[in-house]
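Using the hints, put the two standalone chains together into the complex.
Read off the chains here:
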Amino acid sequence: MSKFDHKDLLGIGQLSIEDIELILDTAESLKEVSTRDIKKVPTLRGKNVVNFFYEPSTRTRISFEVAAKRLSADTVSLSASGSSMVKGETLIDTARNLQAMHPDLIVLRHPSSGAPHLLAGKVKAGIINAGDGINEHPTQALLDLYTIREKKGRIKGLNVAIIGDISHSRVARSDIIGLTKMGANVTISGPPTMMPLGIEAFGVDVVYDPIEAVRRKDVVILLRIQLERQSAVLFPGLREYATFFGITKEVVKRSKKDVIVMHPGPINRGVEITSEVADAPYSAIFDQVSNGVAVRMAILYLLIGGS
Amino acid sequence: MITWIRDGDVVDPAKGKVEKADLIIEKNRIAKILPQGVFKEKGPRLKIINASNKTIIPGLIDMHVHLREPGHEYKETIATGGMAGVAGGFTSLACMPNTEPANDCRSVTEFILEQAERAGLCRIYPVAAITVGRKGKRLTEFGDLKQAGAVGVSDDGSPVVNSEVMRRALEYARYHKLAVISHCEDASLSGAGVMNEGIVSTKIGLPGIPAASEEIMVYRDISLAKLTGSPVHIAHVSTAGSVELIRRAKEMGVQVTAETAPHYFSLDHGAVIGYDTNAKVNPPLRTKEDVLAIKRGLANGVIDVIATDHAPHSSLEKELEFDKAAFGMIGLETALPLTLDLVRDGTLGLAEAIRKISYNAAAILGISDSLLEEGAKADLALIDPEYEYVLSEEDILSKSKNSPFIGRRLKGRNELTMIGGKVVWERSA
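These protein sequence lines are chains P and F, in that order.
The working numbering puts the first residue of the first sequence at 1, with every later residue one more than the last.
The working numbering puts the first residue of the second sequence at 1, with every later residue one more than the last.
It cannot be assumed that every hint is accurate.
Per label pair, the in silico range of CB-to-CB distance [claimed, not checked]:
1. F:Asp144 - P:Leu238: 52 to 58 Å
2. F:Glu289 - P:Pro111: 27 to 33 Å
3. F:Ser188 - P:Leu238: 34 to 40 Å
4. P:Asp93 - F:Lys15: 52 to 58 Å
5. F:Ser223 - P:Phe286: 54 to 60 Å
6. P:Pro111 - F:Ser163: 31 to 37 Å
7. F:Ser107 - P:Val206: 54 to 60 Å
8. P:Arg96 - F:Lys226: 53 to 59 Å
9. P:Val206 - F:Ala192: 21 to 27 Å
10. F:Gly71 - P:Arg45: 54 to 60 Å
11. P:Gly237 - F:Lys226: 38 to 44 Å
12. F:Leu316 - P:Arg45: 53 to 59 Å
13. P:Glu212 - F:Gly71: 53 to 59 Å
14. P:Asp93 - F:Asn300: 46 to 52 Å
Computed footprint of chain F on chain P; a stretch qualifies when at least three of its residues, placed anywhere within it, have a C-beta under 8 Å from a C-beta of chain F [unchecked claim]:
15. 88-102
16. 108-114
17. 130-144
18. 186-198
Some chain F residues judged to face chain P by a derived CB distance under 10 Å, without partners named [stated by the list, open to error]:
19. Val194
20. Ser201
21. Thr202
22. Glu319
23. Lys324
24. Ala326
Worth flagging that the hints you see were computed from the coordinates, not collected in a lab.
Ideal Cβ positions, reconstructed from N, Cα and C, are used throughout, including at glycine.
The shape of chain F in the complex, shown without the other chains (with noise of 0.2 Å):
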């Protein structure tokens, strides 16, 4: 079986070009890439996909979502996350360890990857906990983790307060090609925080969580990242503040890398008025100049990934007075449209906004998936980026709907993703 995937826009964005081409699919490869009208062949062997007025990108890769499962699977599970990845235009998610039990050892990381593999939609990436039940106290197995499958560590939902413990761990997880992926917040200047502390906070009486909340741990991981020589990945930057800190210590040749979540560039604080708990998330939304100094850390460099942070949450926990509903909204449906809006207000190029959600990711966390070329996996996404609609519940296809952008108007959309040359996921008309 070949397929042979016509007249599309191919991003690639290792290379950084976009153009006209043809994808020849051959069992689960890219087999060819040809300028259009080279390829001629026809048979009852060759399955054709009309790209025209379409663009191809790579499968994009998320390094950042919470799947819920085991322990949570009345929110989603890795069956429905991953549905909802392939309809966003994802090939691999990885999901973050603040499971119940926690993924902290082989057991737990290998049922995660059993599961994946019965659901056989996205490639999942187990992230591991760095320490013990994500309490921050004792190391996890780092080695037989990395043996069972597991890409990264992180006790994500959590910072990790000691700050031996953190030095140890990024030590520790270099040896085993770990990637290091930091929840940085100082959970004493949280305190009983639900939003960003600002004019908006003031206004609307809602206890406040400082910018400098983040930004501290962000100097301290950056710090024990120099003192050790270790990378470590900064999770969901969000304030101006963090993006001077890892600017200058990548100037300073540290090995830090950073992401930021679609919400982070998209929405401000402003969003939370009215107490929409669907806007409710940590770290919180910020003010204009952060999201404006968050646009400029992914048009200079500084910020290496867009990662989602798809946190489902029922309406059990989001129906609720904005104090007690918790943190967190889902993602992996609307960071394509929000991604490409960056595209057209001139932020980044087609091809370096889906490196962002892709291939840089994949170099992060030690992975091979996302590159567009001859010999690589087929794993890709035929997109429209023209077309607008507006967001409803009904659309969503994670478990859960917690999204503050249900009811606002979105422009590109996914049409098809494929995973291993297999067509997984294809928008019905």
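Here chain P stands alone, though its shape is the one from the complex (with noise of 0.2 Å):
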């Protein structure tokens, strides 16, 4: 087995092919535990995991506990609103705190860029981006490697479009530099007003209409239009969206026979996707949740479990 040579995951940007495949691999051998009658295994038992989510979160902070547990580590969890952090203490001060008292890792969700990387220089644990602003979100990006991987059996030379509201989404961020990084030719699209300036530079094809954008496509990837953005001025309203945006299943005829649908969660049915392309065959929402678990429990096991 080639070697992990991290102690933070910050980003997907700083991993290479090879420690994509292994923590790909690794998943792939992990994943069957969750399908024990005893969904426990004791690779990770004695170490300390703090799942420290700033923001509401319930897919990620379940998918790491539950994959915490699978290994055997012990969990603690810390939301904004039960922390120190609303009578006023600093991010740093905070994480100095969890830091005396030893955790082998903090896993960090936060709604600016950048905290995990600020978190990471200055404790000893080891620091997850578990979703950092409009940054990254790099293990939702893997769960997504996983799953195109798994029910495509590849990843190089794949046709993906990505969907939605680009500029905001650290989901897109991290799957456009997974995907390319693996060799998929990405297509990103959605309103001009939700794309970030010089996106083109990711090595990304950029095209605004949606039904062109899944044309001839492997996998489709929609991402959650976030309704509080709409006081913003992005776009005119969930009305609007919907009809020029919406992914329908007369769009998706547009792609290929044996087409994918992702999305990283939670749904808003009627607005970016409908309910026949969400609950179709095709689609691998729930795949993604189930593969969660499994890459992260091999994400754990990469970062800690070695020595």
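Right, dumping it as structure tokens:
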């Protein structure tokens, strides 16, 4: 087995192709644990993982918690509202206090881009970025890569469309970096108001019209439209968005016959995705969730299971 | 007491020349500038400063600093900022009014001048607010502020959003001979942005501030200066588009002057990678193309002044998540080496470079500092343009240490600063 030489997982950019393959292969071998009667292996017994979530999260937080527990690590969960943050403590001070209790890993979800990078420089524990602002969500990208590889048998050479609010999506940023690194051809799509300046430099094609964007694609990844952004001037309203950028089964028909549709969740039925698409056989949305546990088990194991 | 500064290269930015000469300082003035070897006096009342291999420049003038007093003394005071100033070769500082309370009335202006007197370091020239409380609504008492000692007005830190208020400020300030210094920013376009909008902001996932956010307001202020026939000074120019707008305005005869800061010609937005909050500044560090345009603007005279926008912040405002950290960086102690870089890379001649960070600023503010000629106030600095060093936090005399240049190699530093004939700062060996 090749070596995984990282203290932290801050972004997809830091990983080599070999690192990513190692994570996916490790996840594959660990996935089976979740199907056992006794869903637990002793691999990380005596290790301590802190789930530190400054933002609301269901899927990612539970996924990390389940992953850690299946590997027998002890977990502690901390949310912003229940922490000293509400008493005005800074992120660095909170982290230093956590560090004083000697955790092995801190899983951080934070609304500020770069927050995990700030922590990584200040504490000895490893940091896993569980989503920072609009920057990255590397474990989501890894579980997306895993799901694509599982369904398609490969990633290299596949044609993938990512549709939605690219500017404000940490999933999009990590997916783009991961997919292009692994040799997929990526097309991004969405309203021009949600397309970040200079995104072409990531090696993607920009096709604003989603009907054009999904044409002959192997994989279509939809992004959540954040309802709270309605107050901004990014788009006129949900009805307009659903009409011109929502993905219906008619739109999906333009892609390849064996297309899979993915979504990081939580989905807004009737906005970026219709129920027919979300519940269709080609929808891999729940596979993504199952695979999320396996991929996170792999990451935990590779970061702190070595010694 | 006579001071003889001998054998130095003397820079005269007004005449645009550099030549070896001896300076004779008597009382608080430059009594004589003599060719080498002419002055031969000896005696107990003669102090000799050997300036061989050194360059003598007029005391630098920074028309844009934040000294944080009153209100934010934990970041900087007039005394600590003055100390950072003299260490950096500055003898005069114009301090911005975004204090707490804002400098929007005579009593605050007078307080600042009293504190400057107590500190006894740099000459301090208060810039008062354009509007009461810097809220952009009602003009401050320009006449009263001028009498109290203000040299200009600015709501720096915030734009004057209301265009009629800005128009009236320009008209009224001209009558009172106050410089109007404009912070050009369309705040609605900057939005939640924390760095330049561009390829780097896209790469590292930070909300961006587009160049247009600055340029829209630069154009508005040029338009108002033209309408009113009044001068306007554009603060901290950071984009190629702003340089072009100012160039065209000057060609049309609009009375517009402009400053940029050393970080805008020394760093680009790549400095933010790694989420270094010391590189978070407003306007933000821009692209390489903008940096080149700023240099061209300095070279062809579109940009008149180099000012630091020295903005001290403590670790309380900087050791934070990037989007929560305050905008601003200190600059008084790095301006000289960074400006000398422009001489070394051929952008400016030495006299012209020094002129932009002294004489030109004095002219805009209507103050008489910064001449190196017989009869002038003896405000000067003795610098070693060739000295190379790596800037460390311990070197910094400013109360705050928020500099992105920490750890970088700099070339050129100040050795001695004289104000009114007195040595106020000298580098200890």
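Here is what the structure says about each hint:
Hint check: F:Asp144 to P:Leu238, Cβ distance near 55 Å, so the stated range 52 to 58 Å holds. Separation of F:Glu289 from P:Pro111 is about 32 Å and conforms to the stated range, judged on CB atoms against 27 to 33 Å. Look at F:Ser188 against P:Leu238: about 24 Å separates their beta carbons, and that is not inside 34 to 40 Å. Look at P:Asp93 against F:Lys15: about 56 Å separates their beta carbons, and that is inside 52 to 58 Å.
Checked against the given bound of 54 to 60 Å, the beta carbons of F:Ser223 and P:Phe286, roughly 59 Å apart, stay inside it. Separated by about 35 Å at the C-beta atoms, P:Pro111 and F:Ser163 satisfy the suggested range of 31 to 37 Å. A hinted range of 54 to 60 Å holds for the C-beta pair F:Ser107 and P:Val206, which are about 57 Å apart. Checked against the given bound of 53 to 59 Å, the beta carbons of P:Arg96 and F:Lys226, roughly 56 Å apart, stay inside it.
Taking the beta carbon of each, P:Val206 and F:Ala192 are about 23 Å apart, inside 21 to 27 Å as hinted. F:Gly71 and P:Arg45 have their C-beta atoms about 55 Å apart, which keeps the hinted 54 to 60 Å range intact. Between P:Gly237 and F:Lys226 the C-beta distance comes to about 41 Å, which sits within the given range of 38 to 44 Å. Evaluation of the 53 to 59 Å hint for F:Leu316 and P:Arg45 yields a failure: the beta carbon distance comes to about 41 Å.
Range check, P:Glu212 to F:Gly71: about 56 Å between beta-carbon atoms, so the 53 to 59 Å window is met. In this structure, P:Asp93 and F:Asn300 meet the distance hint of 46 to 52 Å, their C-beta atoms being roughly 50 Å apart. Restraint check on the segment 88-102 of chain P versus chain F: 3 residues with Cβ-Cβ distances below 8 Å, three needed, restraint holds. Against chain F, the segment 108-114 of chain P contributes 4 residues with a C-beta closer than 8 Å to a partner C-beta. That satisfies the three-residue criterion, and the hint holds.
Figure legend: the segment 130-144 of chain P, annotated as covered by chain F; annotation consistent (5 residues with Cβ-Cβ distances under 8 Å, at least 3 required). Counting residues of the segment 186-198 of chain P whose CB lies closer than 8 Å to any CB of chain F gives 3, which reaches the minimum of 3, so the coverage claim holds. The restraint placing F:Val194 at the interface with chain P holds, with a minimum CB-CB distance near 9 Å, inside the 10 Å limit. The beta carbon of F:Ser201 comes within 7 Å of a beta carbon in chain P, closer than 10 Å, and the hint placing it at the interface holds.
Taken as an interface hint, F:Thr202 checks out: its beta carbon lies about 4 Å from the nearest beta carbon of chain P, inside 10 Å. The interface hint given for F:Glu319 is met, as the beta carbon of that residue sits about 6 Å from the closest beta carbon of chain P, less than 10 Å. Proximity of F:Lys324 to chain P holds as hinted, the smallest CB-CB distance being about 6 Å (cut-off 10 Å). The criterion of a C-beta within 10 Å of any C-beta in chain P is not met by F:Ala326, whose closest approach is roughly 13 Å, and the hint is violated.
In the structure shown, a violation is registered for the earlier hints numbered 3, 12, 24, in ascending order.
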